[in-house]
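There are 2 protein chains.
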Amino acid sequence: MSKPTNKKISESTIHRLSIYYRALVTLENEHYKTISSKELAKREKLTPAQVRKDLSFFGSFGTRGLGYPVAELRNRIAEILGLTRLWNVALIGVGNIGSALVSYKEFAKQGFNIKLIFDNDQRKIGSNHKGIKVSDFKDIAKLVASEKIDMAIIAVPAHTAQATADEVVAAGVKAILNFAPINLKLPAHVILRSQNMCIELEHLAFAMTNDVISD
Amino acid sequence: MSKPTNKKISESTIHRLSIYYRALVTLENEHYKTISSKELAKREKLTPAQVRKDLSFFGSFGTRGLGYPVAELRNRIAEILGLTRLWNVALIGVGNIGSALVSYKEFAKQGFNIKLIFDNDQRKIGSNHKGIKVSDFKDIAKLVASEKIDMAIIAVPAHTAQATADEVVAAGVKAILNFAPINLKLPAHVILRSQNMCIELEHLAFAMTNDVISD
Chain A
1 MSKPTNKKIS
11 ESTIHRLSIY
21 YRALVTLENE
31 HYKTISSKEL
41 AKREKLTPAQ
51 VRKDLSFFGS
61 FGTRGLGYPV
71 AELRNRIAEI
81 LGLTRLWNVA
91 LIGVGNIGSA
101 LVSYKEFAKQ
111 GFNIKLIFDN
121 DQRKIGSNHK
131 GIKVSDFKDI
141 AKLVASEKID
151 MAIIAVPAHT
161 AQATADEVVA
171 AGVKAILNFA
181 PINLKLPAHV
191 ILRSQNMCIE
201 LEHLAFAMTN
211 DVISD
Chain B
1 MSKPTNKKIS
11 ESTIHRLSIY
21 YRALVTLENE
31 HYKTISSKEL
41 AKREKLTPAQ
51 VRKDLSFFGS
61 FGTRGLGYPV
71 AELRNRIAEI
81 LGLTRLWNVA
91 LIGVGNIGSA
101 LVSYKEFAKQ
111 GFNIKLIFDN
121 DQRKIGSNHK
131 GIKVSDFKDI
141 AKLVASEKID
151 MAIIAVPAHT
161 AQATADEVVA
171 AGVKAILNFA
181 PINLKLPAHV
191 ILRSQNMCIE
201 LEHLAFAMTN
211 DVISD
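These protein sequence lines are chains A and B, in that order.
The opening residue of the first sequence carries number 1 in the numbering used here; numbering runs sequentially from there.
The opening residue of the second sequence carries number 1 in the numbering used here; numbering runs sequentially from there.
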């Protein structure tokens, strides 16, 4: 199995790798040893050609006629996605979305450890969310360093999100997931992803409007 | 401008159309009249070729050298995505995620009107969330019909999500957005999308592990 050439992976491929990863975990639980590109494609509503193309990225993998070895492929994808290590995450803002994220058990399962929670509301600072004490956002620079934070999730209202993100970056965080519905402007060295809850609803609206989706 | 051939749009393209749509709204607010594929690509960290390919879907559009007309392109994408009409949405489950979604102002802005909220917790039924009274989930079939619900958002715990989804489908809902971290099995006629909060974190993990993303 050759070393993957990461520079060639597109964002859409990474997204599909996350999807294959979940499918493979399910398949392992269902005691599958191997899976064909056809079967995997069918489960995830993709084409077999797309699956083969995405997985060809891992070099020659799988045996023609036998399919891909489920456990091994899962491990390889986990390595590529960086899921074989623990990531220390700081959550900024414990409103409704923030509270939901603290309770979201999938994060810890995939190695995303919410280690710090910040807010600037005096009524929230010091309170306990799932065993984590809410810290004062003023202390972010000190705590990001001492707790070795890798990523931050921003879950503050839209009108304060840019100022919040600027402080998070100044504190030394290099990867941010933004839940606020605005486009953050950040320095080029910061990795930024945004979670817009509307986009998935727009997929539904598209499908209902047009009666068909292909991929 | 020719009629788009919807059958050819892939899921990744739909996703990017949602992204272009947001970029165009921002550009309009910034008083842009036209935008080049190069500029649009740069804003969204895509390649100009990708942008041109995606937008070629709308037939010949834009004038070589002048770029795409911002307002017109925004309107065309809104039509394609089904954002020019109002969609009636039922929210199932008002735990943390459900409560966050009720407060998410972007939904209404894009035409997604949360019209009904359901729960099966007697303490929640009858309570008021942002002006909407929580209904008993037992009454879903009756209310979906009378309130002309187009889509449902499932925000219940993973272990009850499949049973909940089955009842939602039985009530006549044909499009579901699932927030529970499980793979729902639904009849083929139902349009299903899942929002997994982990996937965006995995993009960050990938980028931090591999030092580069291209698209």
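Source of the hints: derived by calculation from the structure; they are not laboratory data.
A quick note: this is a predicted structure, and the numbers were derived from the prediction, not measured.
For each residue, glycine too, the CB sits at the ideal point set by N, CA and C.
Check the hints yourself; a few may be wrong.
Stated by the list, open to error - Label-pair restraints from in silico Cβ distances:
#1 GLU28/A x ASP121/B: 39 to 49 Å
#2 ALA71/B x ARG123/A: 39 to 49 Å
#3 LYS133/A x SER146/B: 39 to 49 Å
#4 ARG123/B x THR26/A: 16 to 26 Å
#5 SER146/B x GLU44/A: 31 to 41 Å
#6 LYS105/A x ASP139/B: 25 to 35 Å
#7 LYS148/B x SER146/A: 51 to 61 Å
#8 ALA71/B x GLU30/A: 49 to 59 Å
We went through each hint and held it up to the structure:
no. : hint                            : result
1   : GLU28/A x ASP121/B: 39 to 49 Å  : 34 Å, violated
2   : ALA71/B x ARG123/A: 39 to 49 Å  : 44 Å, holds
3   : LYS133/A x SER146/B: 39 to 49 Å : 47 Å, holds
4   : ARG123/B x THR26/A: 16 to 26 Å  : 34 Å, violated
5   : SER146/B x GLU44/A: 31 to 41 Å  : 36 Å, holds
6   : LYS105/A x ASP139/B: 25 to 35 Å : 30 Å, holds
7   : LYS148/B x SER146/A: 51 to 61 Å : 54 Å, holds
8   : ALA71/B x GLU30/A: 49 to 59 Å   : 50 Å, holds
Checked against the numbered hints given earlier, the structure breaks hints 1, 4 and satisfies all the rest.
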